[in-house]
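Chains A and B are the protein sequences, given in the same order. So the first sequence is numbered by this note's numbering: it starts at 1 and just counts up by one. So the second sequence is numbered by this note's numbering: it starts at 1 and just counts up by one.
In case anyone wonders, no lab produced these hints; they're calculated from the structure. Computed from a prediction, not measured in an experiment: that's the story for all the values here. We put the beta carbon where it would ideally sit given N, CA and C, even for glycine. Be careful, since some hints might not be right.
[Claimed, not checked] Beyond 12 angstroms from chain B on every Cβ pair, some chain A residues (computed):
no.: 1; residue: T198
no.: 2; residue: R200
no.: 3; residue: R327
no.: 4; residue: R347
no.: 5; residue: N436
[Claimed, not checked] Okay, the calculated bits of chain B under chain A, using three or more residues with CB under 8 angstroms as the criterion:
no.: 6; region: 8-15
no.: 7; region: 30-38
no.: 8; region: 63-69
no.: 9; region: 75-81
no.: 10; region: 89-102
no.: 11; region: 110-121
no.: 12; region: 166-179
[Said to hold, decoys possible] With a Cα cut of at most 25 angstroms, we get these calculated SDA-like pairs of lysine to any residue:
no.: 13; chain 1: A; residue 1: K547; chain 2: B; residue 2: P140
no.: 14; chain 1: A; residue 1: K560; chain 2: B; residue 2: P174
no.: 15; chain 1: A; residue 1: K560; chain 2: B; residue 2: D179
no.: 16; chain 1: A; residue 1: K547; chain 2: B; residue 2: D57
no.: 17; chain 1: A; residue 1: K547; chain 2: B; residue 2: A176
no.: 18; chain 1: A; residue 1: K620; chain 2: B; residue 2: Y134
no.: 19; chain 1: B; residue 1: K170; chain 2: A; residue 2: R553
no.: 20; chain 1: A; residue 1: K11; chain 2: B; residue 2: E171
no.: 21; chain 1: B; residue 1: K170; chain 2: A; residue 2: R2
no.: 22; chain 1: A; residue 1: K289; chain 2: A; residue 2: A244
no.: 23; chain 1: B; residue 1: K170; chain 2: A; residue 2: G558
no.: 24; chain 1: B; residue 1: K89; chain 2: A; residue 2: E344
no.: 25; chain 1: A; residue 1: K204; chain 2: A; residue 2: V215
no.: 26; chain 1: A; residue 1: K390; chain 2: B; residue 2: G104
no.: 27; chain 1: B; residue 1: K170; chain 2: A; residue 2: L4
no.: 28; chain 1: B; residue 1: K170; chain 2: A; residue 2: R550
no.: 29; chain 1: A; residue 1: K187; chain 2: B; residue 2: A29
no.: 30; chain 1: A; residue 1: K547; chain 2: B; residue 2: M142
no.: 31; chain 1: B; residue 1: K89; chain 2: A; residue 2: E362
no.: 32; chain 1: A; residue 1: K560; chain 2: B; residue 2: M142
no.: 33; chain 1: B; residue 1: K89; chain 2: A; residue 2: E367
no.: 34; chain 1: A; residue 1: K187; chain 2: B; residue 2: V17
no.: 35; chain 1: A; residue 1: K441; chain 2: A; residue 2: L393
no.: 36; chain 1: B; residue 1: K89; chain 2: B; residue 2: G155
no.: 37; chain 1: A; residue 1: K187; chain 2: A; residue 2: V155
no.: 38; chain 1: A; residue 1: K187; chain 2: B; residue 2: D57
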Amino acid sequence: MRSLAEMMTEKEGFSELVMGNHALARAMAEAGTAVVTSYPGSPTPEIAEALLAPAEKDRPCHFEFAVNEKVALEFAAGASLNGHPSAVFFKSVGLNVAADSMVQLALMELLGGMVVILGDDPGANSSQNEQDNRWFARMAYLPVFEPASPAEVYVMYRAAAALALERRAPVILRLTTHVCHARETVKFGDLPARHDWTPRFDVKNGPYVPITTSVFPLKKKALEKLASWAEAGEKSPLNAVYKASAPGRRRLGAISAGLPALCLLETLRNSGAPVDLLKLGLTYPLPEKLVTDFLSSHDEVYIFEELDRVMETEIKALAYDKGLACRLHARRGNAALMGEMTPERARAALADVWPEPFPAPERRVFEAPAPRLPQMCPGCGHRSAFHAIKKALPPGAITVGDIGCHSLGFLPPYNMGEVLFSMGHSVSTASGLALNNGLRKVVAFVGDSTFFHAGLPGLANAAWRDSDVTLVLLDNGTTAMTGHQPRPGNGEIGERLNLADILTSLGVKFLRECDAYDQAKLAAHLKEAMDHKGLAVVIARHPCMLKFMRERRRANPGLKPQHVAVDQAKCARHYTCAADFACPSFIRHADGSVTVNPELCIGDGSCIQTCPAAAIGREK
Amino acid sequence: MAFNIYLCGVGGQGIGVLAAALAQAASRAGLEVIACDTHGLAQRGGVVSSHIRIGADALTPLVPEGGADLVIALERLEALRGAAQYLKKGGKVLYYNTAYQPVGVRRGEGAYPSEEEVRLAVQGFGGEALNVNYPDMADPRMQNSALLGLVASLGAVPGLRAEIIEEVLKEIVPPAVLDENLRIFRAAV
Chain A
1 MRSLAEMMTE
11 KEGFSELVMG
21 NHALARAMAE
31 AGTAVVTSYP
41 GSPTPEIAEA
51 LLAPAEKDRP
61 CHFEFAVNEK
71 VALEFAAGAS
81 LNGHPSAVFF
91 KSVGLNVAAD
101 SMVQLALMEL
111 LGGMVVILGD
121 DPGANSSQNE
131 QDNRWFARMA
141 YLPVFEPASP
151 AEVYVMYRAA
161 AALALERRAP
171 VILRLTTHVC
181 HARETVKFGD
191 LPARHDWTPR
201 FDVKNGPYVP
211 ITTSVFPLKK
221 KALEKLASWA
231 EAGEKSPLNA
241 VYKASAPGRR
251 RLGAISAGLP
261 ALCLLETLRN
271 SGAPVDLLKL
281 GLTYPLPEKL
291 VTDFLSSHDE
301 VYIFEELDRV
311 METEIKALAY
321 DKGLACRLHA
331 RRGNAALMGE
341 MTPERARAAL
351 ADVWPEPFPA
361 PERRVFEAPA
371 PRLPQMCPGC
381 GHRSAFHAIK
391 KALPPGAITV
401 GDIGCHSLGF
411 LPPYNMGEVL
421 FSMGHSVSTA
431 SGLALNNGLR
441 KVVAFVGDST
451 FFHAGLPGLA
461 NAAWRDSDVT
471 LVLLDNGTTA
481 MTGHQPRPGN
491 GEIGERLNLA
501 DILTSLGVKF
511 LRECDAYDQA
521 KLAAHLKEAM
531 DHKGLAVVIA
541 RHPCMLKFMR
551 ERRRANPGLK
561 PQHVAVDQAK
571 CARHYTCAAD
581 FACPSFIRHA
591 DGSVTVNPEL
601 CIGDGSCIQT
611 CPAAAIGREK
Chain B
1 MAFNIYLCGV
11 GGQGIGVLAA
21 ALAQAASRAG
31 LEVIACDTHG
41 LAQRGGVVSS
51 HIRIGADALT
61 PLVPEGGADL
71 VIALERLEAL
81 RGAAQYLKKG
91 GKVLYYNTAY
101 QPVGVRRGEG
111 AYPSEEEVRL
121 AVQGFGGEAL
131 NVNYPDMADP
141 RMQNSALLGL
151 VASLGAVPGL
161 RAEIIEEVLK
171 EIVPPAVLDE
181 NLRIFRAAV
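Chain B with its partners taken away, still in its complex shape (with noise of 0.2 angstroms):
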């Protein structure tokens, strides 16, 4: 059976990067890999979902609901929405413990999940939810080298090894902001 990640946030924390080292990471290490991005009005400051699927027998893009090995989220609404919405059962999430509190919670129309409401509903799930915060850092966006420093601790994505990954990152990152993601990523490993 393919292997599945589900990575979700807000728009604007930039989680196509995040997809897109962790999907080049996969097929450098030899993996077959399919993935797919999503974009568009829909996702402008709203949801946004990049989808990857590991192993031959993946010969469609998008992760089933409820058929995610793996959830990774930038944002704790958003790993609860993704664990509930595609996490199987036994699954794993991980998520970068920060808010984005969407308008229907400003207007009080709603409540916003604290970490260990979280925790519970993924366990409910017959999963482990585990996050990651790091308060000091030079631009949120960061936050994506922190997930994948966790990834790759958790050796959460079978047969991807951390070299794999910080290799991948020093080719994607930006150079005058490689120094400062690549500490963070080490931090998480």
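Looking at chain A on its own, in the form it has when it is part of the complex (with noise of 0.2 angstroms):
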């Protein structure tokens, strides 16, 4: 079994079981993909995990995460321009963070080619829509290339990165949570010599500047480049036929791609229907005359994909344009319009149209027991933080939450965070929410990470118009969330920033600083802030603790915490430390006892403060 860094160096082709975000980072290597950027969101960081897995000198792409997604998309296609075949990654959401300059790309000569990666996250895994970017190509004019598990993100990739460069343009490789996560064998090939880093920009390759009369020209061209990919769809073997094992009496079809096209054909597979499949992997623009041949070709074809009707409207248009009598159909009502598909759902969908060979399966019932809510970690700076806050906090006061770790905190015992859009929103919100509200005192809440990433507009614009807001900024130092990647400034990668220069060089008035640890500091914090007219900011401060106990024991693989105990004989039961702070360590008896489990106790002792009844502290 090879290692991540092996992997990625290996001269030679192999044969290894990988997740798709692995496969697609050898795929970069392989394709020669010199400069690739991103900013963290699952589903696609372990892209990142893979690239950076050699020692610095032995990659063989330049990675850099970037401040957010619209950097990260910038840099990428700025290597791009100079000659340098480029890469971006980032999550679904992220798309809309980069949108502005991503809408550009196809209008621009890209000498190196640029592959735009997007991690779409149908059901919502880890994202706060399932928005369907399939939309966003065909505003952007890009080509979309939608593998269905890991050995297609590596062929597709290849593909992808080749005819991008071929065409000196940007396209879209669109993967999604469990093509990103699934694990398969995977056959790689050779790794290409080095890269010839000569810079190559140059005007006459443009005009690169869309203003005034060049618009029309380069709007031109792009429709252009889009029709030209249409015409490598009709060809491409990405786009194949699945021929049914024997035919039926109506001849039935289905046409659909990525992982839902999988479990279409397991589906089919499994219960033996005559029914064959048109699986697209160039998937826009639409190969309209393979798909014009199988709708001829065929009585009824049901147009099966995930999340919005984007096949199933540009598939219905064409049909209609050709007068074809071929009968579609599609998923119906607005459930199936949400969430991943399953082979399940495959075949429930087709059993609605076909009801004969898709019989339905013996339903179980069951009882589900007690709910698991997603929970901060034991040690972690955030509960601290929100315990006290909760407790300071006037009646009616309104909190507005941003994404991270910190989000959790909407969920119960502490319910802080009542609002919630995206990235760095927070404190924009907070001061509308503010606006001529003598009443109800108005708290927002950003991470550290979420602040250098779109936080920062927001924060200058409260500070000039000095909005009645009370800012909590919680720094753990990282970007806990997607697995503790640097952020400017913490001193992993370039110079320290003290977060408190920044406000201040902004224009913040009220600064305190204090550790999350300190919840009667904190509080007293906080009440002075809600009392300053205009705004303020408290930076509530504690690492990280999964990260931090996580490079001791790498430093002291015989660590061993000095846990809390709770004593029996003080203990009032007043259950503050297992239901209002917390924390998951602690566990409650049955016979109404409170101990704490030493398998989750890190001995940060942030609850000792907790107890009205002083009954918890160090175990002896």
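Hints are included, so try docking the two chains, each in its own frame, into the full complex.
Printed below as a string of structure tokens:
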């Protein structure tokens, strides 16, 4: 079994059981992609894990995390303008941040080619919506490749990168969560020679400034390039027909792409149903001739996709234009537009129109056990901060959350952060909530990585207008939720920056700082901040303890944390520790007693101050 | 038909390593494997799961609900949840017998199942539940090795022998903690 570093540097081809994201990183190396950038977000961060695995001098691609997705995309585009094949990857909603520059890419001659990798999240496994980014591709005139499995991720990235380079064009590789995280055996090829870094930017390849008279020639060229991608799709082996093993009375067919196509194929093979499948890989622009031929040779065709009705709309329009007699079916109702597709959903969809070959399985009824909601880790500074803040807030206060581990504060028992739109929204949304609002205090939260990502403009605005908002900056020194990627100024890469200095220079006049474990001080700062008329910022700082403990264990493998213990003689059964502070380390027994789970307690002691009976102390 | 394994636990227990070791071992045994982990916000301290499907007719990575031949859980409540949602009639549940209470239970809003309740519930699905527990483990994440030992000793995955699992463990586990993990694995075998 190869380590990630070996996988990225082995000169000759090999086969390995790998995750889709890791297969993609190897494909980048094999394709000669010189520059890769990203902002971390599920389901994509493991691509970076693989790219960064070898020692810096051995890495086949230059990789950097950027401060946000827009910066990442622009960086990759700049490298491509110089002739260096590039790629950028981020999560679904990251494209909203990158969109301003992304919609310009198709207008430009990108000398090195560029692959924009989108990690869409049907099922909203780790995102605030399940937006379907295939719409964006249409708005930006960008072709789309949609792999269904790790092996296809590898093959399609290689194909997409080669075509992008040849056509000096950007392309989209659209992944979904369980394509990124699926694992199967992939057969890899050889690594190319080292990259030539000669900068080849030349305005003669342009124009590169889409203003006034150049807009229309550039748009015309983008549309022509899109048409040429349609031609590529007609003859691409990535678009293929899977024939049913035996034909039926009526000629039945289905059209699908990505993982939903494999759900369909698995169902068809299990049932032995006489349905042919046209599986598209280069899905946009639609290969019209291929689809027309398929529709013409079938009596009925089911269009099976995930999330929005994108293929359905285009195929129905095509059938109308061509006057085809084929009867078209598609998913019905709003529920069909939600969540991930599975073989069972594929079966139910087909059974809806063709009941005969798709009998329903036996339904199981079960009683769900107690739910387990996500929660902050033992020792998390956010828990300590929310516990203190909740007690300090006046009745009627409005709290605005943001994206990051601290988003979990909205769950019981804290219920902190009652509104959430997007990365970095909190201070601006709070400013609107605070306007002409003399009655209810408005408190916003933001994490340190999100603050740099998209919080800065909102903060500059709030400082400029002196909005009557209290912002609590929860600083854990890293991008914790997605796996501890570095953020600007945390000292891992480049200089350490002082958040207080940045805030002050933006015009913040009221500023307090403390450790998030110091609950009395934090509560006092918060009260003072809320009394201040205008923008007030409180920095509640504590390192991410998951990262901190990992590093300590690595340095000292035999490390034994000094756990806390509940003194049973003193315990008055308030349950503040287990139910309100709610550290997962506490166990509430059936007899009413409370003890500490040594498997979970990290010995941080942030709970000791919360016990009204002073019954928690260090284990002797 | 594919042989489906559903693995579950609580975020932070290291289920990714357990799933990777088992999938790698199955692949090395010459079986056709497709697998998948779950990641992201909903998993921080919440329910985590991994899926392994063995056999040529599995084209998609997620185990269907009610379709698991084997449920492997790192925690007792999650064993019950995994069985309720995923266990196939007559399937097996192997779990590490430890209890991580969810916040609802700590707030007095829900009950935490006993060993007996898990056994009876699984029996109700026509299945069998077995568990292991080693009270003096140096690091709770070694529970993964204990479960792998149980899988190996029972021959719970058709076509997968203990020696192959041990071979993969030796490659996956960091050298500093390998001996202790092997000791726990072998104790269960």
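Outcome of the hint check:
no.	hint	verdict
1	T198	holds (39 angstroms)
2	R200	holds (39 angstroms)
3	R327	holds (27 angstroms)
4	R347	violated (10 angstroms)
5	N436	holds (35 angstroms)
6	8-15	holds (count 3)
7	30-38	holds (count 6)
8	63-69	holds (count 3)
9	75-81	holds (count 4)
10	89-102	holds (count 5)
11	110-121	holds (count 4)
12	166-179	holds (count 5)
13	K547/A / P140/B	holds (17 angstroms)
14	K560/A / P174/B	holds (18 angstroms)
15	K560/A / D179/B	holds (18 angstroms)
16	K547/A / D57/B	violated (41 angstroms)
17	K547/A / A176/B	holds (19 angstroms)
18	K620/A / Y134/B	holds (23 angstroms)
19	K170/B / R553/A	holds (20 angstroms)
20	K11/A / E171/B	holds (21 angstroms)
21	K170/B / R2/A	holds (13 angstroms)
22	K289/A / A244/A	holds (21 angstroms)
23	K170/B / G558/A	holds (20 angstroms)
24	K89/B / E344/A	holds (17 angstroms)
25	K204/A / V215/A	holds (16 angstroms)
26	K390/A / G104/B	holds (19 angstroms)
27	K170/B / L4/A	holds (16 angstroms)
28	K170/B / R550/A	holds (21 angstroms)
29	K187/A / A29/B	holds (18 angstroms)
30	K547/A / M142/B	holds (19 angstroms)
31	K89/B / E362/A	holds (11 angstroms)
32	K560/A / M142/B	holds (15 angstroms)
33	K89/B / E367/A	holds (16 angstroms)
34	K187/A / V17/B	holds (23 angstroms)
35	K441/A / L393/A	holds (8 angstroms)
36	K89/B / G155/B	holds (19 angstroms)
37	K187/A / V155/A	holds (10 angstroms)
38	K187/A / D57/B	holds (20 angstroms)
The structure does not agree with the numbered hints 4, 16 stated previously, though it agrees with the rest.
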